[in-house]
Amino acid sequence: QKEVEQNSGPLSVPEGAIASLNCTYSDRGSQSFFWYRQYSGKSPELIMFIYSNGDKEDGRFTAQLNKASQYVSLLIRDSQPSDSATYLCAARIQGAQKLVFGQGTRLTINP
Amino acid sequence: DVKVTQSSRYLVKRTGEKVFLECVQDMDHENMFWYRQDPGLGLRLIYFSYDVKMKEKGDIPEGYSVSREKKERFSLILESASTNQTSMYLCATKGEVYGYTFGSGTRLTVV
Numbered sequence: 001q002k003e004v005e006q007n008s009g010p011l012s013v014p015e016g017a018i019a020s021l022n023c024t025y026s027d028r029g030s031q032s033f034f035w036y037r038q039y040s041g042k043s044p045e046l047i048m049f050i051y052s053n054g055d056k057e058d059g060r061f062t063a064q065l066n067k068a069s070q071y072v073s074l075l076i077r078d079s080q081p082s083d084s085a086t087y088l089c090a091a092r093i094q095g096a097q098k099l100v101f102g103q104g105t106r107l108t109i110n111p
Numbered sequence: 001d002v003k004v005t006q007s008s009r010y011l012v013k014r015t016g017e018k019v020f021l022e023c024v025q026d027m028d029h030e031n032m033f034w035y036r037q038d039p040g041l042g043l044r045l046i047y048f049s050y051d052v053k054m055k056e057k058g059d060i061p062e063g064y065s066v067s068r069e070k071k072e073r074f075s076l077i078l079e080s081a082s083t084n085q086t087s088m089y090l091c092a093t094k095g096e097v098y099g100y101t102f103g104s105g106t107r108l109t110v111v
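These protein sequence lines map, in sequence, to chains F and H.
FYI, the numbering for the first sequence is 1 to 111, going by this note's numbering.
FYI, the numbering for the second sequence is 1 to 111, going by this note's numbering.
A couple of the hints might just be wrong.
[Claimed, not checked] Result set (SDA-like, lysine to any residue): computed pairs, CA atoms no more than 25 Å apart in a straight line:
hint, chain 1, residue 1, chain 2, residue 2
1, F, Lys67, H, Gly42
2, F, Lys42, H, Lys3
3, H, Lys55, F, Ile93
4, F, Lys42, H, Val24
5, F, Lys98, H, Lys57
6, H, Lys55, F, Gln97
7, H, Lys57, F, Ser26
8, F, Lys98, F, Gly54
9, H, Lys57, H, Gly42
Bear in mind the hints are in silico, worked out from the structure with no lab data behind them.
Chain F extracted, bound-state conformation (with noise of 0.2 Å):
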């Protein structure tokens, strides 16, 4: 089993929808986490974090977390074209430095 596993997609939004982003993970030692989007031929780029369960907003973009169902989420409101790209989750464990990431998951914007 993967240590975080998100759906690959393709994903498929039509403009101005809520897109909805998951992934799972199976270390309950995971204390925080991340999401990362990243156009094609680019480099990742975060664009949210949260470290406490519940929900986290920041403009457009809702994080999600679940510690109790290992379960963390993103929200896209009001989908624009420019959205389409693939979005990394990832997990850190606590006391360690480095990031477990997920395949990530394809999300499409269709105007």
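Here the structure of chain F is known, so what remains is to put chain H in place on it, guided by the hints.
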């Protein structure tokens, strides 16, 4: 903003060559990482370093070595390049609080 610079964007090398990939960061971060990214396999950790002259193996260190003589520079070395090392190589640095900041990546082709 943290700047992570990888010396080459694209590189073509011959099988058996010794290859050096350089990464330089300007924010005095202690932790630096080398990943490779391949379609369907996601980001895989090769090596990381948490201090000058310190290194730790990641998940796929075989065929690679690293050097960190100065805090700002972390080099990945392919001792004898092989075609299965054709990949996108990503360097990252980590500060105290947030996740990684990635360099722009080096797309290496071994022929």
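Taking the hints in turn, this is what the structure says about them:
no.: 1; hint: F:Lys67 x H:Gly42; in the structure: holds, 24 Å
no.: 2; hint: F:Lys42 x H:Lys3; in the structure: holds, 15 Å
no.: 3; hint: H:Lys55 x F:Ile93; in the structure: holds, 19 Å
no.: 4; hint: F:Lys42 x H:Val24; in the structure: holds, 18 Å
no.: 5; hint: F:Lys98 x H:Lys57; in the structure: holds, 11 Å
no.: 6; hint: H:Lys55 x F:Gln97; in the structure: holds, 12 Å
no.: 7; hint: H:Lys57 x F:Ser26; in the structure: holds, 22 Å
no.: 8; hint: F:Lys98 x F:Gly54; in the structure: holds, 24 Å
no.: 9; hint: H:Lys57 x H:Gly42; in the structure: holds, 18 Å
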